[in-house]
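Student: Going down the list, the sequences are from chains Y and V. The opening residue of the first sequence carries number 1 in the working numbering; numbering runs sequentially from there. The opening residue of the second sequence carries number 1 in the working numbering; numbering runs sequentially from there.
Quick caveat, the hints were computed from the structure, so don't treat them as lab data. Backbone N, C-alpha and C define an ideal beta-carbon position, used for all residues, glycine too. Any given hint could turn out to be false.
What the hints assert, rightly or not - For the chain Y half of the interface with chain V, some residues (derived, Cβ under 8 Å), not all of them:
| no. | residue |
| --- | --- |
| 1 | H6 |
| 2 | A86 |
| 3 | V90 |
| 4 | G91 |
| 5 | V111 |
| 6 | A116 |
| 7 | S121 |
| 8 | D123 |
| 9 | P124 |
| 10 | I128 |
| 11 | T129 |
| 12 | A132 |
| 13 | V135 |
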Amino acid sequence: MSTAAHPGDLLSALLDGELTAREEEDVRAHLETCADCQRELRLVTEGRASLRDLPPVDPPFGFYERLVRPRHRWARAGVAALAAGAAASVGIMALAAPREATVAPHVAQLVDAHTASASTSGDPISEITPAAAPVSWNR
Amino acid sequence: MMRKRIVGLAVLAVLIGPAPIALARARTGERDPLDDARKAAEQTPFSGSVTLQWREASVLRTDQLTVKGTHGTLLAQGQRSAMAIGAERLVYSPADGWQELWPAGLGSPGHPNLDVAYDVRTAGTDHVAGYPTDVVEVLKAGVVRDRLDLEAATKLLLRRRQYDSKGVLERAFTFDQIQIGDPAMMPPTPPAPKQAGPRPLSFSAVPASERQPSRLAAGYERLGAYRQGGIVQLVYSDGLYDLSLFQQQGGLDTGDLPAQRRTTRLDGRPAWAFSWPGGEGIVWTAGRTVYTLVGDVPADELTEVAASVSVHPSTSVMHRLRQACRGLVESFTGAF
Chain Y
1 MSTAAHPGDL LSALLDGELT AREEEDVRAH LETCADCQRE LRLVTEGRAS
51 LRDLPPVDPP FGFYERLVRP RHRWARAGVA ALAAGAAASV GIMALAAPRE
101 ATVAPHVAQL VDAHTASAST SGDPISEITP AAAPVSWNR
Chain V
1 MMRKRIVGLA VLAVLIGPAP IALARARTGE RDPLDDARKA AEQTPFSGSV
51 TLQWREASVL RTDQLTVKGT HGTLLAQGQR SAMAIGAERL VYSPADGWQE
101 LWPAGLGSPG HPNLDVAYDV RTAGTDHVAG YPTDVVEVLK AGVVRDRLDL
151 EAATKLLLRR RQYDSKGVLE RAFTFDQIQI GDPAMMPPTP PAPKQAGPRP
201 LSFSAVPASE RQPSRLAAGY ERLGAYRQGG IVQLVYSDGL YDLSLFQQQG
251 GLDTGDLPAQ RRTTRLDGRP AWAFSWPGGE GIVWTAGRTV YTLVGDVPAD
301 ELTEVAASVS VHPSTSVMHR LRQACRGLVE SFTGAF
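Generate coordinates for the entire structure from the input sequences, incorporating the hints supplied.
Tutor: What follows is the structure, encoded as structure tokens:
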């Protein structure tokens, strides 16, 4: 068995017809004297034949979409980054805003204040009497 | 030469200026029936029971109270007591004791002459609680807005019916039973109230953000400004009805608005209207201010006047943007 200068990958190239005439001559000369390379060439040839005999297979649903997903993923990442930036801006603006005091008008007191002032200028009986009426503002 | 012209114009202005005022005074020769009623209430002893009616949305509600008066002191008693001693106004409830609503020294804001905005006419006679009355109608734009029954001898107001601009009854005050002339037993003068009443405020001292024009829609004139507990009350009147405008700085918390409020819109803004036996109210917000307008006016007129109130929007676009951002964040996170 010759161990010097095993052609290796050149065996596959020989089958594919990709070697120059000189390379092919050298590889074939080696094969005549090397049992290992003869066995390897036979295995590669059989493997290729087996692959060629396999039936055609349809790609599963969504295969092509998954193939192109990487581009959409980047787009999504970009949109997400923009959204995060906008949310951060809103958050910063919100934090920068002083908390506005809330007002709950005490309607009963305001009505009393009005009743008092109005009753001094109009008819006092008809103006002051409603102030004694039973009004439950939050019933 | 120029100086002489200026002096001449000034003299002319002084001569012409008072003329409209003199004309206006000449028109007020007619007696104001509400002035007559007020004087009668201050001078005539009486005691009786009163039915109040008021419209709350489309429902006419009713309540009864007792009222008595003598020598300038009035006492109305229902769920709580309301008292007038001269110009002073007080209320009493078991929970809060006596509270002063209006101190005696504050006087009255007064009101414009009734005949500036209204026509007044006598409308025959009637009887209320067994007493003969002279009926007086007060009209605006040809529609009766107020019908007053004044007791024929004393001019005490025995019945008052108020109508809206379509002639629909809004509110009524009626003596069901009354004794006139018998001095009523009045409670002793109440002790010093727990809470002091408002203080007068010159209009120039009203914060700039709360200033309002001297006239609002429907002929309401500004009569005075008062402050109590940090809240400014601007008082307006058209001669018949009175209005009070309160403005508070901040965002509106609707949680404490009356339970019987009605949601409405005012110039495209949400607003909340409510009624009570003595009148109508409306609350709305614009910019950083919460407005509360209350008055013994019909609901449709109150809305018209409210729409004429000057609103003070936020002056800064940046402030509004920041507040919008804060509102957005708080809608997700809650207040922080």
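Student: Now, for every hint given, state plainly whether the structure supports it.
Tutor: Structure-based check of each hint:
The closest approach between the C-beta of H6 of chain Y and any C-beta of chain V is roughly 69 Å, which is over the 8 Å cut-off, so the hint fails. Below 8 Å, beta-carbon pairs count as interface contacts, and A86 of chain Y has none with chain V, the closest being about 11 Å; its hint is therefore violated. Below 8 Å, beta-carbon pairs count as interface contacts, and V90 of chain Y has one with chain V at about 5 Å; its hint therefore holds. Hint status for G91 of chain Y: holds, given a least beta-carbon distance of 6 Å to chain V, under 8 Å.
Taking 8 Å as the C-beta cut-off, the interface hint given for V111 of chain Y holds, the closest approach to chain V being about 6 Å. A distance limit of 8 Å between C-beta atoms decides the matter here; for A116 of chain Y the minimum to chain V is near 4 Å, and the interface restraint holds. With its C-beta approaching chain V no nearer than about 5 Å, S121 of chain Y sits inside the 8 Å limit, and its interface hint holds. For D123 of chain Y, the shortest C-beta to C-beta distance to chain V is roughly 4 Å, which falls under 8 Å, so the interface hint holds.
Residue-level restraint check for P124 of chain Y holds (minimum Cβ-Cβ distance to chain V is 5 Å; threshold 8 Å). For I128 of chain Y, the interface hint holds, the least distance from its beta-carbon to any beta-carbon of chain V being 5 Å, beneath 8 Å. Using the Cβ-Cβ criterion of 8 Å, the hint placing T129 of chain Y at the interface with chain V is satisfied: the shortest such distance is roughly 4 Å. Nearest Cβ of chain V to the Cβ of A132 of chain Y: about 4 Å, under the 8 Å cut. The hint holds.
At its closest, the beta carbon of V135 of chain Y sits 5 Å from a beta carbon of chain V; the interface hint therefore holds under the 8 Å criterion.
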